[in-house]
Structures are given as structure tokens and as C-alpha cells.
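Novice: Please put together the full structure from these sequences, using the hints given.
Residue numbers for the sequence shown follow our numbering, so the first one is 1 and each next one is one higher.
By construction, these hints were calculated from the structure, which means they are not laboratory data. Beta carbons: idealized from backbone N, C-alpha and C, even for Gly. Treat the hints with caution; some may be incorrect.
For each label pair, taking beta carbons as the anchor points, the in silico distance ranges come out as [to be verified]: (1) L2 x I25: 43 to 49 Å; (2) A75 x A29: 34 to 40 Å; (3) L73 x L10: 46 to 52 Å; (4) G47 x E84: 50 to 56 Å; (5) I7 x R71: 42 to 48 Å.
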Amino acid sequence: MLIVSVIFLLLIVIFAVQNAQIVPITFLAWSMSLNLALVVLGSASIGVIIGALWSWLRDMQNRGRVKELQRQLGAAQEKVSTLERAMNDLMSMRAASESDEQPVSQS
Numbered sequence: 001m002l003i004v005s006v007i008f009l010l011l012i013v014i015f016a017v018q019n020a021q022i023v024p025i026t027f028l029a030w031s032m033s034l035n036l037a038l039v040v041l042g043s044a045s046i047g048v049i050i051g052a053l054w055s056w057l058r059d060m061q062n063r064g065r066v067k068e069l070q071r072q073l074g075a076a077q078e079k080v081s082t083l084e085r086a087m088n089d090l091m092s093m094r095a096a097s098e099s100d101e102q103p104v105s106q107s
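Specialist: Structure (C-alpha cells):
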């Protein structure tokens with residue numbers, strides 16, 4: 001990972017050196033002259049921050065949804081367990097009832 005970081009840093013330095021021209025930046029009534037590399041890297045950094053913030057917000061929304069779905073799943077599993085117990089009780093009662101109703105064999 002360190003090697004990848006060093007290579008990435010080296011590429012950024014090369015980019016900054018090759019794009020050292022001063023360019024005018026105008027936004028609404030605001031105007032300023034800046035280094036081209038700073039403008040590009042600053043814009044990219046702002047984009048990364050906005051993307052990370054957006055991703056974090058979506059992740060928080062998804063976590064809330066996952067918790068709600070887990071709660072619903074737990075309730076559904078409990079209901080299934082209750083119904084299975086009731087079904088087993090009914091089947092046991094039916095089997096006991098059928099064994100009581102069988103005629104006694106005459107010898």
C-alpha cells in the first residue's frame with residue numbers, strides 16, 4: 001500500500017509541475033488568478049469530499065433500513081415459531097384423539 005501511495009504522490013507532483021501556469025478564475029462577481037494545478041486538484045478534492053459525504057449519508061439511510069428489516073424479520077420468525085408450535089400441538093392432539101377412537105379389538 002505504501003508503494004501505491006508513493007506512486008500516486010509522485011504523479012500528483014508531476015502533474016503540479018507540468019501545470020504551473022497561472023489562470024484566471026471567475027465565479028459570479030469574484031475573480032482571482034491561481035495556479036492551474038491548484039485549481040484542478042482543489043476541484044477534484046472538493047468532488048471527492050462531496051462524494052464521500054453523499055456516500056456516508058446513503059450508508060446511514062441504508063443502516064436504518066437494515067435495522068427495520070431485521071426487526072421485521074425477528075417478528076416474522078417469532079410468528080413462524082408460534083405457528084409451528086401450535087401446529088405440532090394440534091397434530092399431537094389429533095393423533096391422541098385418533099388413538100382413543102380406535103375400536104377395541106375383540107378377541
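Novice: It remains to establish, for every hint, whether it holds in the given structure.
Specialist: Structure-based check of each hint:
{"no.": "1", "hint": "L2 x I25: 43 to 49 Å", "in the structure": "violated (35 Å)"}
{"no.": "2", "hint": "A75 x A29: 34 to 40 Å", "in the structure": "violated (58 Å)"}
{"no.": "3", "hint": "L73 x L10: 46 to 52 Å", "in the structure": "holds (50 Å)"}
{"no.": "4", "hint": "G47 x E84: 50 to 56 Å", "in the structure": "holds (54 Å)"}
{"no.": "5", "hint": "I7 x R71: 42 to 48 Å", "in the structure": "holds (47 Å)"}
Violated hints for the displayed structure, listed by number in ascending order: 1 and 2.
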